[in-house]
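With the hints as extra help, turn the sequences into a complete structure.
Protein chains: 2
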Amino acid sequence: MKKLINDPRYIVEEMVEGYVKAHPNHIKQLPENDRALVTARETREGKVGVLIGGGSGHEPGFMGYVGDGMADGVAVGNIFASPSPDPILEVTKAIDKGAGVVYLYGNYAGDVMNFGMAAEMADLEEDIQVGTALASDDVASAPKEEKEKRRGIAGEFFIYKAAGAAADFGYNLDDVVRVAKKANENTRSMGVGLSPCSLPQTGEPSFEIGDDEMEIGLGHHGEPGIEKGPIESADKVADRLVHDILADIEINSGDKVAVLVNGLGSTPRMELYIVYRRVEQILREKGIEIYRSYVGDYITSLEMGGCSVTLMKLDEELERAIDHPVDCPMFVQK
Amino acid sequence: MKKLINDPRYIVEEMVEGYVKAHPNHIKQLPENDRALVTARETREGKVGVLIGGGSGHEPGFMGYVGDGMADGVAVGNIFASPSPDPILEVTKAIDKGAGVVYLYGNYAGDVMNFGMAAEMADLEEDIQVGTALASDDVASAPKEEKEKRRGIAGEFFIYKAAGAAADFGYNLDDVVRVAKKANENTRSMGVGLSPCSLPQTGEPSFEIGDDEMEIGLGHHGEPGIEKGPIESADKVADRLVHDILADIEINSGDKVAVLVNGLGSTPRMELYIVYRRVEQILREKGIEIYRSYVGDYITSLEMGGCSVTLMKLDEELERAIDHPVDCPMFVQK
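These protein sequence lines map, in sequence, to chains A and B. Going by UniProt numbering, the residue at position 38 of the first sequence is 38; the numbering climbs one at a time, nothing skipped. Going by UniProt numbering, the residue at position 70 of the second sequence is 70; the numbering climbs one at a time, nothing skipped.
Zero decoy hints are in this set.
Mimicking BS3-like on lysine-lysine, the simulated pairs with C-alpha atoms at most 30 angstroms apart in a straight line are:
hint: 1; chain 1: B; residue 1: K256; chain 2: A; residue 2: K334
hint: 2; chain 1: B; residue 1: K28; chain 2: A; residue 2: K256
hint: 3; chain 1: B; residue 1: K28; chain 2: B; residue 2: K334
hint: 4; chain 1: A; residue 1: K2; chain 2: B; residue 2: K228
hint: 5; chain 1: A; residue 1: K28; chain 2: B; residue 2: K236
hint: 6; chain 1: B; residue 1: K21; chain 2: A; residue 2: K236
hint: 7; chain 1: A; residue 1: K28; chain 2: B; residue 2: K334
hint: 8; chain 1: A; residue 1: K47; chain 2: B; residue 2: K334
hint: 9; chain 1: B; residue 1: K236; chain 2: A; residue 2: K2
hint: 10; chain 1: A; residue 1: K28; chain 2: B; residue 2: K286
hint: 11; chain 1: B; residue 1: K334; chain 2: A; residue 2: K334
Hints in this document: simulated from the structure, not taken from any laboratory.
Following this line, the structure appears as structure tokens:
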């Protein structure tokens with residue numbers, strides 16, 4: 001796969017440098033650590049800090065979601081690898097306004113370890129209270145009874161959105177964590193992979209797949225899915241993804257949901273809207289109300305091909321959170 | 001190239017259906033023509049109508065830019081093909097608020113013919129005054145002396161932005177056209193293609209290129225560029241693109257520009273920000289002030305690989321226009 005890069009060793013540094021240069025009114029690097037980015041805007045004293053993070057290569061996840069109404073800071077990892085505890089701790093210190101900090105990230109072993117270490121250091125060394133909410137929305141990644149083992153994929157976006165709003169509303173740390181956990185509990189995603197990305201350092205494809213195959217349930221780093229087979233029509237793929245989600249979470253006629261059809265990187269918006277079209281048909285037939293829709297590249301895997309469907313079941317509190325305006329470099333909602 | 005589609009014959013209809021379903025508060029189809037989309041919001045009487053359009057496959061261009069602060073309506077063509085005069089005329093009738101309508105589109109023979117016919121019909125049959133401003137920002141597509149022969153590429157985004165703002169400011173038709181033409185006069189783009197897209201109906205690649213090659217100046221539909229050669233580093237590519245732009249338009253130390261680094265479809269944001277990093281370095285060294293930056297997929301070519309750099313030289317009027325808030329389904333600016 002051809003790439004517009006310079007030395008692959010400095011790819012993350014150069015991306016971050018470009019990002020900060022492009023959006024100086026939104027985001028800045030901390031002098032202590034160039035993988036520690038925080039909002040350039042003033043944050044209110046007493047507001048719970050919202051910290052997100054994870055590996056690079058998922059842009060707009062995660063650094064694209066720092067800004068008004070979402071996260072206050074982000075710790076940036078190498079490609080598909082957790083950030084180390086240092087930038088997490090530096091961001092924590094910078095965004096704590098006396099009300100503690102919530103860590104939001106996907107349920108991956110490396111992230112759990114590094115964010116966990118940073119949380120301990122924040123507590124012991126800095127006396128900053130840290131709460132944590134993991135994203136584990138990927139239905140395909142573990143059985144229903146073991147949701148705590150599931151990976152976080154595109155549903156992370158909804159969890160950031162909900163928690164960012166809750167923090168903005170003036171909720172205390174416990175309540176921001178509660179909202180983030182509820183958002184995760186209410187969120188399910190199912191994805192399909194069509195084509196791999198290649199890792200800049202090695203040129204290796206992230207997974208193997210035949211020229212006429214698709215893989216249902218494929219993970220964001222090429223983790224194996226649950227079924228490989230011949231590529232099907234957009235409608236059949238959408239049917240399958242929504243079916244698996246609705247078999248996993250009770251969403252009934254009259255319920256409201258937020259919908260995200262997320263592209264993995266190289267899938268055109270045209271195809272995402274064709275998938276959305278079918279998702280909307282299915283939900284309408286079931287009497288499920290779509291409260292708000294998002295279609296586009298929200299959490300990617302470099303130039304991977306494919307998409308995922310995410311549903312978040314809403315209650316009044318989550319509706320209000322999902323409606324809350326956002327102003328981030330890579331995502332703005334009025 | 002694998003695609004998440006149903007029947008390729010209905011790909012545009014299904015995309016549009018999904019799009020309208022996803023954003024019912026923003027956009028609606030006209031009952032007269034399902035390729036004619038207009039804003040779902042109330043438009044002020046006396047405001048100049050802004051009409052954009054072109055072939056499909058360039059999403060977010062063009063239908064993604066209908067909304068507050070940009071276009072009032074869009075005519076949707078087949079993939080990489082101009083819309084016919086009918087939807088253009090229907091949109092014209094729907095968005096005319098007594099002050100006339102401006103047509104904004106890229107300088108392609110099919111578009112010039114069809115929008116021209118629609119403008120004539122609007123004038124003769126409907127007594128609606130139509131103004132036109134073509135985008136011809138692609139430096140590579142014709143010599144400097146023949147700018148009127150040049151194609152429109154990613155710079156179209158700036159032209160929509162400027163004209164949409166001018167119409168919102170309450171300018172009359174002549175002045176909206178003047179601002180759109182000035183935006184085009186002040187805008188230059190240069191692109192690089194790395195990998196083709198494939199057309200859904202035929203599966204044919206949009207252009208041929210070797211595994212380790214890039215093509216400078218490639219057009220948005222695979223039109224030949226000006227130089228094919230081995231792929232270079234992001235910095236060298238950025239140097240080349242910016243060099244060619246600055247050789248074509250006088251932008252001096254102290255001048256202000258808006259910058260767009262536009263992805264063609266499958267190029268990750270990471271790479272676009274690495275290109276932006278170098279663009280920013282070059283402009284800073286020359287004393288050119290970056291007033292506002294846009295980095296992402298703004299006008300694509302399905303899953304084509306590569307990017308373009310666009311600079312728009314600003315004066316006070318264009319600064320104000322570029323700052324004007326926008327609320328469209330695929331682009332929001334606070």
